[in-house]
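Asks: Please put together the full structure from these sequences, using the hints given.
Protein chains: 2
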Amino acid sequence: MNNRIKKEVNKVNVQSKLNALNEFWSPKIIGELNNQQVKIAKFKGEFVMHHHQNEDELFYVIKGTLFIKLKDEIIELNTGEFVIIPKGVDHQPYANEEVSVMLFEPKNTLNTGNITNTFTKPNIDTI
Amino acid sequence: MNNRIKKEVNKVNVQSKLNALNEFWSPKIIGELNNQQVKIAKFKGEFVMHHHQNEDELFYVIKGTLFIKLKDEIIELNTGEFVIIPKGVDHQPYANEEVSVMLFEPKNTLNTGNITNTFTKPNIDTI
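Keeping their order, the protein sequence lines are chains Z and G. Quick note, the working numbering runs 93 ahead of the 1-based positions in the first sequence. Quick note, the working numbering runs 93 ahead of the 1-based positions in the second sequence.
Some hints here could point you the wrong way.
Said to hold, decoys possible - Taking lysine-lysine and the BS3-like style, the derived pairs with C-alpha atoms no more than 27 Å apart in a straight line are:
1) G/Lys-156 <-> Z/Lys-110
2) G/Lys-121 <-> Z/Lys-104
3) G/Lys-180 <-> Z/Lys-104
4) Z/Lys-164 <-> Z/Lys-137
5) G/Lys-137 <-> G/Lys-121
6) G/Lys-121 <-> Z/Lys-156
7) G/Lys-214 <-> G/Lys-137
8) Z/Lys-164 <-> Z/Lys-110
9) G/Lys-180 <-> G/Lys-164
10) Z/Lys-110 <-> G/Lys-104
11) G/Lys-110 <-> G/Lys-214
12) Z/Lys-104 <-> Z/Lys-121
13) Z/Lys-180 <-> G/Lys-200
14) Z/Lys-200 <-> G/Lys-121
15) Z/Lys-110 <-> Z/Lys-121
16) G/Lys-121 <-> Z/Lys-180
17) Z/Lys-104 <-> G/Lys-156
18) Z/Lys-180 <-> G/Lys-104
19) G/Lys-121 <-> G/Lys-200
20) G/Lys-104 <-> Z/Lys-200
21) Z/Lys-104 <-> Z/Lys-164
22) G/Lys-104 <-> Z/Lys-137
23) G/Lys-180 <-> Z/Lys-200
24) Z/Lys-156 <-> Z/Lys-104
25) Z/Lys-180 <-> Z/Lys-164
26) G/Lys-104 <-> Z/Lys-164
Rather than coming from a laboratory, the hints here were simulated on the basis of the structure.
Replies: Have a look at this one:
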């Protein structure tokens, strides 16, 4: 251990962080490691179909049901389930009811990938 | 999307994967993305104090209570909480009762870091 630098190690309660979110499709950063970020978001309604050129993306459902439409299928994720969308794969998240999601992806991954529209959030806060 | 390669996209139910574990301190891989791995493990008792020279490590508690002893403090993680242990930071996980944990760390991170002992698992299966 490098004792010259005091590294802060703080635990994160995911639900407490989710409680602070009041906007759909607006991810926030809650952790960073190995040039990857942990994000949370609440989804309801339909997002835009998009892909990420260079980033694989993990969606883990904390609470609720998330659908992810792919080219040929729809994946249904319930509480405690995750899926990894490989880079280059078109995907469109949607949710009939509010769903709370945790995401893992490389730092600076843009939420709408190759698309720019009103959903695009170029600057994401850490909470 | 690259249509020349059919990429398989399968969801993972974390609890179902945990149900297949029957040994403590024996992590299994359940996902891989961006040269990182998602692992699960069940812990009970006391692990060895160690650090990872180059890898930050995330511990997310799926069910139960996990303690992580650091140099100057003990972190208590309950269900739905995570902590990121930065590279170089000595840490010793322990659990008084069985706890189910999900981990995120770079591919090929060794579970005992700088230490080699009976806990060391150099080859980890994907389940």
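Asks: Determine which of the earlier numbered hints do not hold for this structure and return their numbers in increasing order.
Replies: 8 and 21
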